[in-house]
Each structure stands twice: as structure tokens, then as C-alpha cells.
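Number of protein chains: 6
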Amino acid sequence: MQSKTPSQSRTTMTDMVLPSETNSLNKLFGGELLARMDRAASIAASRHSKSITVTASVNHVAFNMPVPLGSVVTVEAKVSRAFTTSMEVYIDVWMEDVNGGKFKANEAIYTFVAVDDSGKPTKVPALSPETELEKERFAAALRRKQLSLVLAGKMKPNDATELRALFMG
Amino acid sequence: MQSKTPSQSRTTMTDMVLPSETNSLNKLFGGELLARMDRAASIAASRHSKSITVTASVNHVAFNMPVPLGSVVTVEAKVSRAFTTSMEVYIDVWMEDVNGGKFKANEAIYTFVAVDDSGKPTKVPALSPETELEKERFAAALRRKQLSLVLAGKMKPNDATELRALFMG
Amino acid sequence: MQSKTPSQSRTTMTDMVLPSETNSLNKLFGGELLARMDRAASIAASRHSKSITVTASVNHVAFNMPVPLGSVVTVEAKVSRAFTTSMEVYIDVWMEDVNGGKFKANEAIYTFVAVDDSGKPTKVPALSPETELEKERFAAALRRKQLSLVLAGKMKPNDATELRALFMG
Amino acid sequence: MQSKTPSQSRTTMTDMVLPSETNSLNKLFGGELLARMDRAASIAASRHSKSITVTASVNHVAFNMPVPLGSVVTVEAKVSRAFTTSMEVYIDVWMEDVNGGKFKANEAIYTFVAVDDSGKPTKVPALSPETELEKERFAAALRRKQLSLVLAGKMKPNDATELRALFMG
Amino acid sequence: MQSKTPSQSRTTMTDMVLPSETNSLNKLFGGELLARMDRAASIAASRHSKSITVTASVNHVAFNMPVPLGSVVTVEAKVSRAFTTSMEVYIDVWMEDVNGGKFKANEAIYTFVAVDDSGKPTKVPALSPETELEKERFAAALRRKQLSLVLAGKMKPNDATELRALFMG
Amino acid sequence: MQSKTPSQSRTTMTDMVLPSETNSLNKLFGGELLARMDRAASIAASRHSKSITVTASVNHVAFNMPVPLGSVVTVEAKVSRAFTTSMEVYIDVWMEDVNGGKFKANEAIYTFVAVDDSGKPTKVPALSPETELEKERFAAALRRKQLSLVLAGKMKPNDATELRALFMG
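Protein chains in written order, with the working numbering: chain A, 8 to 176; chain B, 8 to 176; chain C, 8 to 176; chain D, 8 to 176; chain E, 8 to 176; chain F, 8 to 176.
Among the hints, a few may not be true.
A pair counts as met if it fits within one copy or between any two copies, since identical chains are not told apart.
Below, simulated SDA-like cross-link-like pairs (lysine to any residue); rule was C-alpha separation at most 20 Å, straight line [as the list claims (entries may be wrong)]:
#1 161 / 138
#2 57 / 9
#3 111 / 19
#4 130 / 64
#5 161 / 66
#6 152 / 114
#7 57 / 125
#8 152 / 69
#9 57 / 101
#10 127 / 75
Honestly, the hints are just simulated from the structure, not real lab data. The structure presented is a predicted model; accordingly, all values stated were derived computationally and were not measured.
Produce the entire structure from the sequences given, and follow the hints as far as they go.
Next comes the structure, spelled out in C-alpha cells:
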């Protein structure tokens, strides 16, 4: 399979914050944003792999900025690294108010597995990052994968060479 | 107010077709697509006018291609012409299947009015089209406006010079 | 197939405007009304044709009157003309406030195609209009069909005899 | 206040059964039908009382006929009796399949209270039944009210003269 | 089949009142609560019978306390009596406000039928009540069943021995 | 403020997997489960703090087991540690099929901040864990907090004493 670039999977989902998605402070529920990011990231992973994809995990997500009712939210998702049958997808979220102000609201990282019609994992193309930011995220993806394996008890901390460097440097 | 280009209002809304949006043939309801296009076009009009916008009218929309459950639908909206307080928004719709096939599914044209907090119409910037396609759509917008006024009985067919040319040419 | 009257397909859908359907001015989204009208009109077309129907097109729709949260909206749809496998459906929309005031809010015209289980178009009964208004709408439907064909480039303006009369009269 | 007839409050809500409203047997959830009936009946009560109304109780409702995905469901609600500040609303439900078959699917009886903007009960007009069926339902409403009071422990069985007759006759 | 206790079917559904579920007084729609209770009770009936269940009927439900937007609502459902293929489910509803106040908001009784994959009724285990309250509800269930049969015209009032006692005592 | 136990905030949300929440393999969307967990965890945090709460972050979540349409999903959330104005909430997810099989499907950890009506953070009571599992999760919460601060660049890896021990042991 030929490798692909992040921009080949870029997925942009711009939509309003509707009243049914807000809490009693008239701010977007965190859970609704998590669901939107999941749909956008899943489309990006499908565009990369040309197959059905299922959410495997969600990395640490911080909600730094409350998003008020009536805002316009743009979720942009791109594959940041491909492994054998799984893909890490990096998600950037912006919000705009009606006066045209535009702010970075969130970043999140989800992992998806490509599956066939019976739900069995299938191989995916490699990723070739192009921009500086894409290369940086590509490199960090390995550290995140090790961290995830260590936390799940599937890798010994000693073998997580990338992570050890971070904490022992 | 300084004029703006169509690309300054471009709004991209990519999302899946969910089971709750399909009919008994497992195809996307026309009405659901109309609602998605309305939201995307409304955001484009707000980006152009930096104000709240309300739907004023929908032009003829043809549904040429049934959109199956599980497809990815991309709605792209750009302001195609600005009048005093209203904006015509041109919407292009594509669908992708899971194998990566991508097809033009629809075109639609909506008109929005910019309003202030009390719902009163407010002025909007002019539009400066850049590409060939944008210039073509800009020119046709006037014909569509005349047609709309004639059909509503607010302009005499004799005064609709652009339209007369079409039928008498 | 025996012809049918418009009242045999009349479909009435009365429902509230819910908070999840309103914008930041607490008015019903145009897109939500388009979706309701699509469902009501599709039922009317199915009642006329006794088959599954799919939205083929939406004619010009004007939103003249903002519909506030808490209003009661009645959508009434009746087949206005039947062609070989397609039907034009005329939709009237009223709104009521809690004091019992009742206003005409909108008119819209949708076209549907009758299809079998595999999605293939099937024949539909002819329409026999009864009231003055039904006869008027029946006659105008032919003009609208010609206009739609001319705008889609499928009929030469010269052949659209009904329309030429309108602009040259 | 002048009395009103049942037909002055008649509310018709025709809509499809959507995939998001069905269980794993592809039949409409009882709870979804209860919610639709509540909205239709509440509109009927508001039309009678020209005020906001809130659901006070639901009488025994039997679900005799499963309603399959893709059916068209018509909910018709009419006020059947008015008390000082409350109204009994009688609801008839029909379903149609795509071949035009039409069946009575359900009957239900809800009670609503008319309230002002602060939620305080307000007086409502009396009801004058016209047809035989309306008169029959009007008479039975008193029996139902007594039964409801007895079951709630707010009336002694001995005082429920209408009910005693039923069981001792 | 071995009999089961009510606590083996206990189902707890705690969730917020969302803006899309409230009326213009910002109170939860009765119909939304009816739908939530239907889902919780259906799960309780499935836990008791280990089969698919469909709503057969809803007993008298009183809405004594308006539930404001932002409240937390807990619906608790337990099977209260099992008959051959049907189960009565008793539902208790509490609401909490943000200051931690907790109130009993409602009680309701639904009846479900256990069905196989083709929708045919199947046998269910008997119920063995344990607590005083469970025993009381178990006994009353027979009275309710007789009342339901009498009201449906399927049992003669004279044969409803439990009910006759109530009104003649 | 008096400290509280985890069981004082325990929140149980049992509900079905509906057709509108599933992908084309008829499995629950990861994003829908993230949204349900957010609502349940937010209620648990509000029960602990007796105030409005907003999502601050989501820790690593793994989706190990696909949840099919028609399953019953139980989300149980309990506060696992309280800091000055924030609370870590631990979420356990089980699924049941119609035959009564019950499986642990997921674990997740969210963090919430308690806020007043203007959105400003307010103090919350301390947490006193009781069971072995609660004590274990309480201890691990500090490690997770350090990791989160390191990853956000707000703490130097050298100062994260708990984490250093993990990787250097």
C-alpha cells in the first residue's frame, strides 16, 4: 500500500452550537464535543484507510475554553500516524463568535482501528507527514502509544524507551 | 464597509449519514439534507456579515442522487452575491462512499438576511467574486433575484430585463 | 389507474416549536421547517401513489414570518398535480400563538417521485382538482415544471410555451 | 367564558415512524408514542383554553397493535370534558402502511391543567359535546375522574356514585 | 422456570433534564418523562424475562410535581408482578436540584409482554416479592389487572371479586 | 466542608443502545458513549460538590468491546478524588445482552470543575475513600494529575515524583 499524507485525510466539520447541546450555563456540554470530534476523526481515519473504522481509544483531552450557545465550532481532524491496523488522529477545535472572533478551543487525540465488514482489523497505509507540525505530531505519536501500552499494563515501563527519556532526561 | 471575497465565507460541514436520518430505503431524507444545508449556509452568511442571519428563501433544489446510509456528506457553502441587507449563498454537496468514491450530489441556493439582536435587517458588505465560477454565479444571482420577485408578484415581468432576454433571446 | 382528488392525499402535521429547533433569537430554524415540510409532503405523495416516495426537488420557498419558540405550527400538504411517475405537492404552513392568534406563515412546493422497493420509478394515478384553488394550482404546476426544465437546461426556452406567454404577454 | 365544542380543539399530528424511534423488532417504542400523544393532546388543551397547559395525568393506555418502522401514524386529539381548571383530552391513533391500509392502533386519555405564566392554574371554558361519540366520552369522563380520585385516596369509594353503579349494577 | 425477586430486575436511569425536553415554562414535558419511564421499565422487564419485551399498557400516571430544566431525574423500575407472559413494572421517579434537595416526583405502572424474535409472547418466571412494599404492590397488581380487564370489556364487573370488595366494602 | 465518601456521589445510568446511536456495523458509536459518560460523571460531580460542574478533561479511554444495537448499557460514575475546586470521576461501563449476559465494557476517568452561577470555580469537599478499590483509585489519581500537568507543560518531569518512581523503579 502506498503511503499517504495527513492532508489527504483532512476532515472539516463546521456547525453551530444548538440549544439542545448546552448545559444550564448555556455552554456546550463536554460530552457533545467529544461526540462531534469522534465523528470527524472517524471520517478522517476512513479517508486514510478506505475502510470502516471503530474508535479504539481517546487520549487525554483538556477543555480549556467554555463554548457558548450560538457559537460556530470547527472541528478539524487529520491522521497523525498510522500503525499496522490502527491510526492516531489529531483533532484541532476552533470556535467563532458572531463578531468574527476566532479562538483555538481544544486539541484532542483519538485512535481508530480499520475493520472489514465482519469487524476484523485490516491493514492501513503508512503516513508521510509533510509540514513541521505534522512531523512533530508524528514523532510524539510513538511516545503516546508507549504510554498507552504502559498504562494498560501491556508494556513494561523499562521497555518504553521514548518515555524513559522524558522522565530521566 | 469593505467588500469581501467568497472564500472569506467558505464553510465546510462534513458529517456522516446516521440511521436516524434515513428513510425505509436506507437513503438520506431530503428534508435532513435541506436542514444541514440551511445550517452551513447560515454560517457562511454570518461569516460574511458578522451578524446573526435568518433564512429568507430557498431557491429551486434538485435531489439528483440518493445518498445511502453510512455515506460521508460534505456541504460547502459560500456567499455568491450580497445585496443591501441580504446575501445569496451557493451550496455544493458531495458524497463519498467507504471505498473513497466521491460524487457531486447536489447544488442549492439559499438567501439570508442579516439582522441585529432585535431581528431588524442590517447592512452587509458587498461581494467581490474572484474565480470564473464565482463570477458566473455572481452574475446569475441577479437573474434569480428578478425571477423571485416576478414569481412573488413584486416585479412586473416586463421590468425583469435579465429574464426577458433569456426567454426572448 | 383511477384518478384521485387532492383531498385524498391531504396530510396535516401539527406540532410545537421545541427549544432544540430554534436559533439564538428563539425563532424556528428555516432548515427545521424545510425538514417538517418534506416529511408531510412525502406522506401526501405516498397517500396519492400508494408507494414509497423520494424527494426530487424543492421549488422556491420564502420564509416571510419568523416563528417563535412555543408556537404551534401546522403543515398541510396536498398533491397539486401528478405527472407520469412524479407528483407536485403544495404545502401551506400556519402558526398559532398561545392566545389563539393564527397566521399563514409559508407556502412551499416540493416534487416527489414514486419508487418501488428497489428505488425504480413507478406510475402514479392522475389528479382531479376540485376547488377553485386546487384548479389554479394544478394549472400553474405545468408552468413550474417548464421553468424547472429550462433552468436545468433540459428544455429550450422557446419550447416553454407557458412561460414565454408570461414574459412576452 | 363561552363554552366550546370538541371540534374547536381538534389537533391532527400525522408523521412517519423514524428508525430512531424503533426497538430491535423494528416496531415503534411505546414511550415514543406516549410522547407524541402528549404533544398533540397538549396542543388541543391549549386551543381550548387559550393558555399554556401542563400534563396532569395519563389514564390507562393499551398498546394493542405494534406499529412497524416506515408506517404513517396519525394522532388526533380533542378535548372530551372541561372541569374548572383542567381538561380531559381523548386521543385516537391510526396507522397506515404504504399500501394504503389504515387501522385504529390506540386510544388514550390524558388530563391537562391550564396555567398562567407563573404556573398557577387558570379557569377554562366549558365543553359542549356535539356528536354521539363526543357525548358518550363526555359522560364517561366523570366516571374516570371519580375513579382517579378514589385510586389517589382523595374520594371515598362510597361517594363515587357513578362507579358504584358500575360494579353493583 | 425459577421465580425471581424484584431486586433482580431493578433498573436505575439517572439523567439530566436537557433544554430540548422542556416546554416554554422550562419544565420537563410529561411526554418525555413517559418515554424515559418506558425505556427503564422495558429494561427491567427484559432483565426479569431474559427476552425482548414490548409495552402492553400504561396505568394511570399522575404528574404531581413540575420538573425544572437542569434537574437530575432518577427513574427506578422493578417488576412488581409476573403473569403468564406479561409483567407489571412499578416505576418510582425522584428529582434532585443542584443544592442536593431530593423529592419523590412520580409513580407509574406499565405492563410489558415478553416476546420472541418473531414477536410471539413467551412465558416468564414468577415473581417472589421480598420487602413489605414489594408485597403490597404484588397484591394490588391483581386488582389493577381486573380493573383493566373490566374497563376493556374483557371481564364482567361481577367477576372482578377484588374490585367489588373495594366498592362494596 | 465535611468530607464525603465515593458512594455518596454514585450515579447509575442504565439505558438502551438505540438505532440512532449506532454505526454501519450496528455498534454503538464511541462518541455516543463518551457523551453518556460525560453526563453521568457530571451528575456524580454535582452530587459531591452540590454545585454546577463543567468538564475539565478526559483521561485516556480505551474501547475494548464493541457494544451492539439493542444492548443495555450501564454507566456507573463515582468521584474518585477531590482537589481544591476539581474532582476526578471514575466511570465503569457494563453491557448486557438480551440473554442476560453481563460484561465489563469500559473504564474511563473524567475531571470536572465546580463553578458558581457566573462560571467561577468554587471549593469542593474532600473525598474519603472506603473500599480497597476506592483507595487504590484515590492514590492513582495523584499520579494521573501529575501526568496531566507534565503533558500540558505545567509541571517539570523532575517534579513529578510519583511518575518518576513508575518509570525509574
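Here is what the structure says about each hint:
1. Within a single copy, residue 161 and residue 138 get their C-alpha atoms no closer than 32 Å, and across copies no closer than 26 Å, so neither meets the 20 Å cut-off.
2. Taking the shortest Cα distances, residue 57 and residue 9 sit within 20 Å of each other inside one copy (12 Å), while across copies they are farther apart (44 Å).
3. For the identical chains of this complex, residue 111 and residue 19 are neighbours both inside a copy (15 Å) and across copies (17 Å), given an alpha-carbon limit of 20 Å.
4. With identical chains, the CA atoms of residue 130 and residue 64 are at most 20 Å apart within one copy only, with a shortest distance of 18 Å there and 32 Å across copies.
5. In this assembly of identical chains, residue 161 and residue 66 lie within 20 Å of each other by CA distance both inside one copy and across copies; the values are 17 Å within and 18 Å between.
6. With identical chains, the CA atoms of residue 152 and residue 114 are at most 20 Å apart both within one copy (17 Å) and between copies (18 Å).
7. Taking the shortest alpha-carbon separations for residue 57 and residue 125, only the intra-copy value of 15 Å comes in at or below 20 Å, while the best inter-copy value is 27 Å.
8. Within a single copy, residue 152 and residue 69 get their C-alpha atoms as close as 18 Å, and across copies as close as 12 Å, so both meet the 20 Å cut-off.
9. In this assembly of identical chains, the alpha carbons of residue 57 and residue 101 lie at most 20 Å apart only when taken from different copies (17 Å versus 27 Å within one copy).
10. In the homo-oligomer, the alpha carbons of residue 127 and residue 75 lie at most 20 Å apart only across protomers (15 Å), although the nearest pairing inside one protomer, at 40 Å, exceeds that limit.
The earlier numbered hint that this structure contradicts is number 1, and it is the only one.
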